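Colleague: Now for the letters of each chain:
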Amino acid sequence: MVGRLALAAGLLAGLAHAGAAEPPRRVLSMNLCTDQLAMLLAAPGQLVSVSWLAQDPASSPMAAAARRLPANHASAEEVFLMRPDLVLAGAYTAPDTLRLLQRLDVPVAVFPIENDIAGIRANIARMGKVLGREAQAQAMIADFDADLAALRVDAPGPRPRAALYAANGYTSGSDSLGGQIIALAGFDNLADEMGIRTTGNIPLEVLMLARPDLVIRDRPARGHSRAEELLDHPGLRALAGGGTRMLGAGPEWVCGTPHVLRAVAELRAARQRIGAGK
Amino acid sequence: MSGKAQPLILALLALLVAALFLVSVLTGPARLGVGESLTALFSGGQDMLALVMREIRLPRAILGLLVGAALGMSGAVLQGFLRNPLAEPGLIGTSASAALGAVLAIHTGLAAAWPLGLPLSALAGAFISVALIVALAGPRGGALALILAGITVSALAGAATSLVLNLSPNPFAASEIVFWMMGSLADRSMLHVWIAAPFIAAGALLLWPTRRALNALTLGEDAAATSGIHLGRLRLMLVLGIALMIGGATAVAGSVGFVGLVVPHVLRRAVGANPARLVPASALGGAAVVLAADIAVRLLMPERDLKLGVLTALVGAPFFLHLVLKTRREGL
Numbered sequence: 001m002v003g004r005l006a007l008a009a010g011l012l013a014g015l016a017h018a019g020a021a022e023p024p025r026r027v028l029s030m031n032l033c034t035d036q037l038a039m040l041l042a043a044p045g046q047l048v049s050v051s052w053l054a055q056d057p058a059s060s061p062m063a064a065a066a067r068r069l070p071a072n073h074a075s076a077e078e079v080f081l082m083r084p085d086l087v088l089a090g091a092y093t094a095p096d097t098l099r100l101l102q103r104l105d106v107p108v109a110v111f112p113i114e115n116d117i118a119g120i121r122a123n124i125a126r127m128g129k130v131l132g133r134e135a136q137a138q139a140m141i142a143d144f145d146a147d148l149a150a151l152r153v154d155a156p157g158p159r160p161r162a163a164l165y166a167a168n169g170y171t172s173g174s175d176s177l178g179g180q181i182i183a184l185a186g187f188d189n190l191a192d193e194m195g196i197r198t199t200g201n202i203p204l205e206v207l208m209l210a211r212p213d214l215v216i217r218d219r220p221a222r223g224h225s226r227a228e229e230l231l232d233h234p235g236l237r238a239l240a241g242g243g244t245r246m247l248g249a250g251p252e253w254v255c256g257t258p259h260v261l262r263a264v265a266e267l268r269a270a271r272q273r274i275g276a277g278k
Numbered sequence: 001m002s003g004k005a006q007p008l009i010l011a012l013l014a015l016l017v018a019a020l021f022l023v024s025v026l027t028g029p030a031r032l033g034v035g036e037s038l039t040a041l042f043s044g045g046q047d048m049l050a051l052v053m054r055e056i057r058l059p060r061a062i063l064g065l066l067v068g069a070a071l072g073m074s075g076a077v078l079q080g081f082l083r084n085p086l087a088e089p090g091l092i093g094t095s096a097s098a099a100l101g102a103v104l105a106i107h108t109g110l111a112a113a114w115p116l117g118l119p120l121s122a123l124a125g126a127f128i129s130v131a132l133i134v135a136l137a138g139p140r141g142g143a144l145a146l147i148l149a150g151i152t153v154s155a156l157a158g159a160a161t162s163l164v165l166n167l168s169p170n171p172f173a174a175s176e177i178v179f180w181m182m183g184s185l186a187d188r189s190m191l192h193v194w195i196a197a198p199f200i201a202a203g204a205l206l207l208w209p210t211r212r213a214l215n216a217l218t219l220g221e222d223a224a225a226t227s228g229i230h231l232g233r234l235r236l237m238l239v240l241g242i243a244l245m246i247g248g249a250t251a252v253a254g255s256v257g258f259v260g261l262v263v264p265h266v267l268r269r270a271v272g273a274n275p276a277r278l279v280p281a282s283a284l285g286g287a288a289v290v291l292a293a294d295i296a297v298r299l300l301m302p303e304r305d306l307k308l309g310v311l312t313a314l315v316g317a318p319f320f321l322h323l324v325l326k327t328r329r330e331g332l
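Each protein sequence line maps, in turn, to chains A and B.
Residue 1 is where the first sequence starts when you use our numbering, and the numbers rise one by one after that.
Residue 1 is where the second sequence starts when you use our numbering, and the numbers rise one by one after that.
Hints are supplied without guarantee of correctness; some may be wrong.
What the hints assert, rightly or not - Partial list, derived from the structure: chain B residues whose beta carbon lies under 7 Å from chain A:
| hint | residue |
| --- | --- |
| 1 | Val-25 |
| 2 | Gly-28 |
| 3 | Pro-29 |
| 4 | Ala-30 |
| 5 | Ile-56 |
| 6 | Pro-169 |
| 7 | Ala-173 |
| 8 | Glu-176 |
| 9 | Asp-187 |
| 10 | Asp-222 |
| 11 | Glu-303 |
Everything labelled a hint here was simulated from the structure, so no lab data went into it.
Keep in mind that this is a model prediction, so the values were computed, not measured.
Here a beta-carbon is modelled for each residue, glycine too, at the ideal position from N, C-alpha and C.
Build out the structure end to end from the sequences listed, making use of the hints.
Modeller: Have a look at this one:
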């Protein structure tokens with residue numbers, strides 16, 4: 001972790017040194033989340049490539065826009081050969097790849113994971129700065145805040161309980177982006193009850209016995225896996241039969257961008273239905 | 001030991017299996033009381049506790065029993081037929097080949113389109129590998145030929161399984177190589193019981209009548225042939241029976257190694273080194289071992305889905321080395 005932070009600091013120093021005066025002209029993004037922020041903020045023609053994940057509608061809410069750009073697969077050689085003058089990466093990008101790019105004198109900006117609304121705002125502002133599009137970033141933050149305020153008008157009534165449920169029983173507590181979406185929509189999070197603040201796993205039988213009002217299931221990816229078979233388990237169907245509502249989590253749950261507000265709105269609508277049903 | 005001890009051994013093993021089955025049903029991350037769990041299991045009600053017992057705990061225990069019995073019985077029959085103490089479905093590549101068949105069925109979409117596709121494809125994989133091993137290292141092949149052929153088949157099937165899973169577009173598929181190599185009963189449902197049970201039962205029915213032949217074979221193939229054993233037919237029943245059992249078990253639980261090796265060895269002396277009696281004893285013993293291992297993985301690491309094969313290999317691999325040394329000393 002310390003190594004990664006030191007690396008990020010070094011990369012940022014290199015970036016500042018490379019010339020803060022002139023905005024980059026060939027920007028390449030190699031991370032699903034920086035892909036989206038860059039597509040939202042970059043000047044026409046400024047962004048030359050996004051990661052292949054951004055083109056997959058299962059994980060990217062901007063797949064259609066991403067398909068208009070060449071894709072990269074986050075390998076150092078491929079990225080270097082595209083001759084970018086700025087590379088955007090996420091905290092989970094392989095550190096060896098970043099180190100290699102740094103040795104090749106490619107400026108890299110590493111963006112942290114957004115775990116809450118403040119993190120989303122900070123990353124939008126930062127993206128505006130590194131792309132030389134500060135004005136657009138400020139406008140986007142203002143829009144985001146206005147939309148958020150409109151959603152925050154609190155509906156009266158008790159807070160129903162919701163749980164995120166992904167492959168292998170993976171769930172997210174309040175100190176994660178998914179948990180923040182749940183809290184903003186006016187739900188209590190089952191993961192918090194279980195003592196899971198960030199991320200962890202809830203065994204299916206524990207979920208069944210806890211009987212939350214809403215289970216937000218990850219939508220299965222293409223292909224097949226045993227990990228995702230759990231989302232089809234008869235136990236979950238029994239839970240749905242017992243009155244728990246089921247909702248599918250779309251790609252807007254993955255990254256901290258203004259798109260998360262769509263997830264919040266969908267969840268709030270579900271909450272109103274639960275309130276009406278009671 | 002005399003023949004009279006036989007029913008006693010079987011009764012004790014059956015009692016052990018029943019006790020472990022009960023403990024398995026009572027083990028889980030939701031810490032439920034013994035009384036309320038059992039009441040919920042047998043009440044047949046529709047409340048959530050009854051559903052947890054019926055949809056999660058019960059299928060897991062049944063699969064532990066079935067998979068263990070399949071591994072133990074196959075091991076005993078293989079060792080008897082090949083007259084080789086190192087024979088075992090895991091070591092000779094049958095489990096790995098069954099896993100390859102299962103993975104192919106799942107990732108080509110066959111299993112989703114047609115539920116029988118999964119166990120049938122695993123059965124095909126297992127059948128090809130057992131037939132190959134019996135042909136390459138039949139009763140006259142010796143221990144070395146058997147193990148070398150087994151290593152080759154295992155390595156090839158394992159590599160092909162990894163290839164299929166790496167080619168899958170699913171982000172979780174590649175990490176499931178571990179499941180297919182090490183086996184697990186986590187999060188299985190009654191659907192998996194219905195997939196595996198008919199195949200394992202059919203395999204057991206085919207292997208059961210071979211017991212007399214296994215006894216006759218201890219005197220050598222010629223002696224067995226003169227006592228009316230049709231070797232060709234025996235070989236076919238045996239290969240098909242083992243393929244059915246291992247195919248059914250592996251399709252739902254992955255490959256669990258060493259059970260078929262260790263269990264017959266531990267029980268051999270107790271049944272008077274009689275291959276026929278070893279078959280039912282090993283089926284019960286295998287069920288006990290897999291049920292116990294599956295209880296242990298849930299108690300040791302409740303949050304982590306520790307794989308069954310990790311535990312069975314930790315016990316089984318040193319045992320295997322011990323057997324290799326013993327086999328060398330005896331000059332087999």
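Colleague: Hint by hint, note whether the structure agrees.
Modeller: Do the hints match the structure? See the list:
no., hint, in the structure
1, Val-25, "12 Å, violated"
2, Gly-28, "6 Å, holds"
3, Pro-29, "4 Å, holds"
4, Ala-30, "5 Å, holds"
5, Ile-56, "5 Å, holds"
6, Pro-169, "4 Å, holds"
7, Ala-173, "5 Å, holds"
8, Glu-176, "5 Å, holds"
9, Asp-187, "5 Å, holds"
10, Asp-222, "48 Å, violated"
11, Glu-303, "6 Å, holds"
In summary, the structure is inconsistent with hints 1 and 10 from the numbered list given earlier, while agreeing with the others.
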